[in-house]
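Read top to bottom, the protein sequences are chains A and B.
Per our numbering, the first sequence starts with residue 19, numbered consecutively.
Per our numbering, the second sequence starts with residue 19, numbered consecutively.
No lab work stands behind these hints, which were simulated from the structure alone.
Take the hints with a grain of salt, since some may be wrong.
[What the hints assert, rightly or not] Below, computed lysine to any residue pairings styled on SDA-like, alpha-carbon distance capped at 20 Å:
#1 A:K121 / B:E46
#2 A:K30 / A:T46
#3 B:K84 / A:A111
[To be verified] One-sided excerpt, in silico: chain B residues whose CB lies under 7 Å from chain A:
#4 Q44
#5 D49
#6 V59
#7 G62
#8 V70
#9 L71
#10 I72
#11 Y74
#12 L78
#13 D79
#14 L80
#15 L85
#16 I89
Here the structure is a predicted model, which means the values were calculated and not measured.
Note that CB positions come from ideal geometry on N, CA and C, so glycine has one too.
Single-letter residue listing:
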Amino acid sequence: MMYQLKSLSWWKWVCIILLGYTLVAGLTLPVPAREILNETIRNLYFHVPMWFAMIALCLWSFVYSILYLGNYNYKYDAQARAFAEVGFVMGIAGLLTGMLWAKYTWGDWWSQDIKQITSAITLLIYAALFVLRGSIEDEKKGATISAVYNIFAFVLIFPLLFIIPRLQDSLHPGNGGNPALGDDSLAPMMRPIFYPAVIAWILLGFWIANIKYRYFIYKNALENEES
Amino acid sequence: MKNLNCLLLTSIVLINSTFAQNQISQPEMADIFMQHGKFYVVVGVILIIFAVLIFYLIRLDLKIKKLEQNIS
Numbered sequence: 019m020m021y022q023l024k025s026l027s028w029w030k031w032v033c034i035i036l037l038g039y040t041l042v043a044g045l046t047l048p049v050p051a052r053e054i055l056n057e058t059i060r061n062l063y064f065h066v067p068m069w070f071a072m073i074a075l076c077l078w079s080f081v082y083s084i085l086y087l088g089n090y091n092y093k094y095d096a097q098a099r100a101f102a103e104v105g106f107v108m109g110i111a112g113l114l115t116g117m118l119w120a121k122y123t124w125g126d127w128w129s130q131d132i133k134q135i136t137s138a139i140t141l142l143i144y145a146a147l148f149v150l151r152g153s154i155e156d157e158k159k160g161a162t163i164s165a166v167y168n169i170f171a172f173v174l175i176f177p178l179l180f181i182i183p184r185l186q187d188s189l190h191p192g193n194g195g196n197p198a199l200g201d202d203s204l205a206p207m208m209r210p211i212f213y214p215a216v217i218a219w220i221l222l223g224f225w226i227a228n229i230k231y232r233y234f235i236y237k238n239a240l241e242n243e244e245s
Numbered sequence: 019m020k021n022l023n024c025l026l027l028t029s030i031v032l033i034n035s036t037f038a039q040n041q042i043s044q045p046e047m048a049d050i051f052m053q054h055g056k057f058y059v060v061v062g063v064i065l066i067i068f069a070v071l072i073f074y075l076i077r078l079d080l081k082i083k084k085l086e087q088n089i090s
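My request is simple: use the sequences and hints to build the entire structure.
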């Protein structure tokens, strides 16, 4: 295994180092004292990067869906599929962590906050993508239809997560007209932990999606050998 | 001497009261927990879980790499 470790891509090592740093620094370094939030402000290093990771993974998936419709290369379809799946998993983690955080700061698991509702809709849209994919038996047909749907799904993230929450009153910071992560809401002392945390969680998502992608490629090669 | 004592007493009372006020107005943080509550054990446990998961992820990655070498 030690010899093989050299073949592990450099960005996976960056992921391990940054994630280790995030866990230690995120839990132990001082954070600003704020009413209501108290120590839960540390969730910024864990809950928020889930959504950053979801959007990064879904962006990757979106790009490969467009590429797939350009030349119908099955590798592009495998990329789009793997990254959308892991993006969805990250989104579920974001929603669940958000609910736990909300219970102790906003008073309830679910407050019908506009951003809670729109992020749940976003996840349902992606869930429908996997149902759609699973319901089409023909591999190539399924890939093409999923690619078209996936493009629409990603475009919908923008109104759902960035535009609509800003037009309504929201419990989330950075909504109801305020800039998110602007000068006031992200204290300078949190930045050296928050930005590496975002990169770390995105890289972890990419790593898992990368393994899923290679699984699809291998499966495809096996099936071709058999037939 | 009596004056000095009086001054000392007032200053102690003043310092105490401002300190007490600070404690009330400050949002409650886990300061004591962090210092004496064996909090670093929790960080250690989380790091061990993290190390185990990363170890597993690396193994999975290398296993897939081996399979890839079979088909190419």
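Each hint tested on the structure:
1. A:K121 / B:E46: With Cα atoms ~18 Å apart, A:K121 and B:E46 stay inside 20 Å; holds.
2. A:K30 / A:T46: violated (24 Å)
3. B:K84 / A:A111: Violated, at roughly 31 Å.
4. Q44: With a closest approach of 6 Å, the B:Q44 hint holds.
5. D49: Given a least distance of 9 Å, the restraint on B:D49 is violated.
6. V59: Because about 12 Å separates B:V59 from the closest Cβ in chain A, which is outside the 7 Å limit, the hint is violated.
7. G62: B:G62 check fails; min Cβ-Cβ to chain A is 10 Å, beyond 7 Å.
8. V70: violated (13 Å)
9. L71: The hint is violated - B:L71 has no Cβ within 7 Å of chain A, the shortest such distance being about 10 Å.
10. I72: holds (6 Å)
11. Y74: violated (11 Å)
12. L78: holds (6 Å)
13. D79: Since chain A brings a Cβ to about 6 Å from B:D79, closer than 7 Å, the hint holds.
14. L80: holds (5 Å)
15. L85: holds (5 Å)
16. I89: holds (4 Å)
Taken one by one, the earlier hints fail for this structure at numbers 2, 3, 5, 6, 7, 8, 9 and 11, listed in ascending order.
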